Amino acid sequence: MDRITQEAYNRQRVIKWARTHGVTAASIRYHVSRKTIYKWLKRYDGSIESLKDHSRRPHHMPRKQSRAEEKLVERYARKYRGDLLLGYEKAQKKGYERSYGCFKRTAARLVKPAKTRRSVRKNKPYQRAEYPGQKLQLDVKFVPSYCVADGKKYYQFTAKDECSRWTYREMYDEHSTYSARCFLEKLVKTAPFPIRLIQTDNGTEFTNALLVVKSKHRTLFEEGLAEMGIEYKRIQIATPRHNGKVERQHRTDELRFYRHMRMYSLADGRKQLARYQHQSNDHIMTCLGLRSPNHILSLYHGVLW
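Numbering-wise (this note's numbering), the sequence shown opens with residue 1 and increments by one.
No false leads were mixed into what you were given.
Computed list of lysine to any residue pairs in SDA-like fashion (alpha-carbon distance at most 20 Å, straight line):
| hint | residue 1 | residue 2 |
| --- | --- | --- |
| 1 | 152 | 257 |
| 2 | 39 | 9 |
| 3 | 153 | 179 |
| 4 | 153 | 266 |
| 5 | 64 | 104 |
| 6 | 186 | 270 |
| 7 | 271 | 255 |
| 8 | 115 | 84 |
| 9 | 153 | 267 |
| 10 | 35 | 7 |
| 11 | 124 | 233 |
| 12 | 153 | 170 |
| 13 | 233 | 196 |
Read the hints as simulated data drawn from the structure, not as lab findings. Model, not experiment: these values are computed from the prediction.
Take these sequences, add in the hints, and give me the full structure.
The structure is reproduced here in structure tokens:
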């Protein structure tokens, strides 16, 4: 039932009450003026249609535009679709005497705007990693406050291999380049393959590239990469999809780990995260054909080093 029909039924209810208890009682009960109720009573013939609002369009418009004026507007509005002001100027030279506002309103009514075709975004072909360790994505996840008992802030540094989806995590209480350097050292020692390239976003815990003052100064993280001979790549600004694999892993960690844990200190959080870390690389993944990251790594055993 549309809004107009609902209003008509409401008016019918008012009329029935007015005929039973009087117009004044109906006015008090339904908060409608007596004059309005008398108008509805006069109009009502037993059907709902008689109680619907009538058109308020005037029967006679002395200053209505003629058909010749409308054709003139339509002609120049189509010709100068992108510049109605110029079209109005040309129409004036042909005898159009209405205002520019009238010209625009008439043009909007008679001439439909041109449909603009949206260009379909074509992403550049992505070169996938061909072997474990060729490229790892690094990112930081803020540990949710609902699972932290002591009220402090903690951060999970995560590294994910693009080929095997092998994942390594560590928890810190600092969101700094020092924590990133410590995480890098542990990652290199723990990874079951040599790391060739590491990709991160432009966060200050990884790089100073976006800082005006220290843009040319290397962070501890970048110095560590240079000392270990690991190539470094930064994604474009405001494009987290380029680090989509590790971002998706953070979502999975939220669902499988953080929603079911409660930590009371950094040591407690690290202990629980290490237990989850030990199990996570044995879980199957659809992107790996329902195989686990450790299973994929076993296929490359003997050719990585």
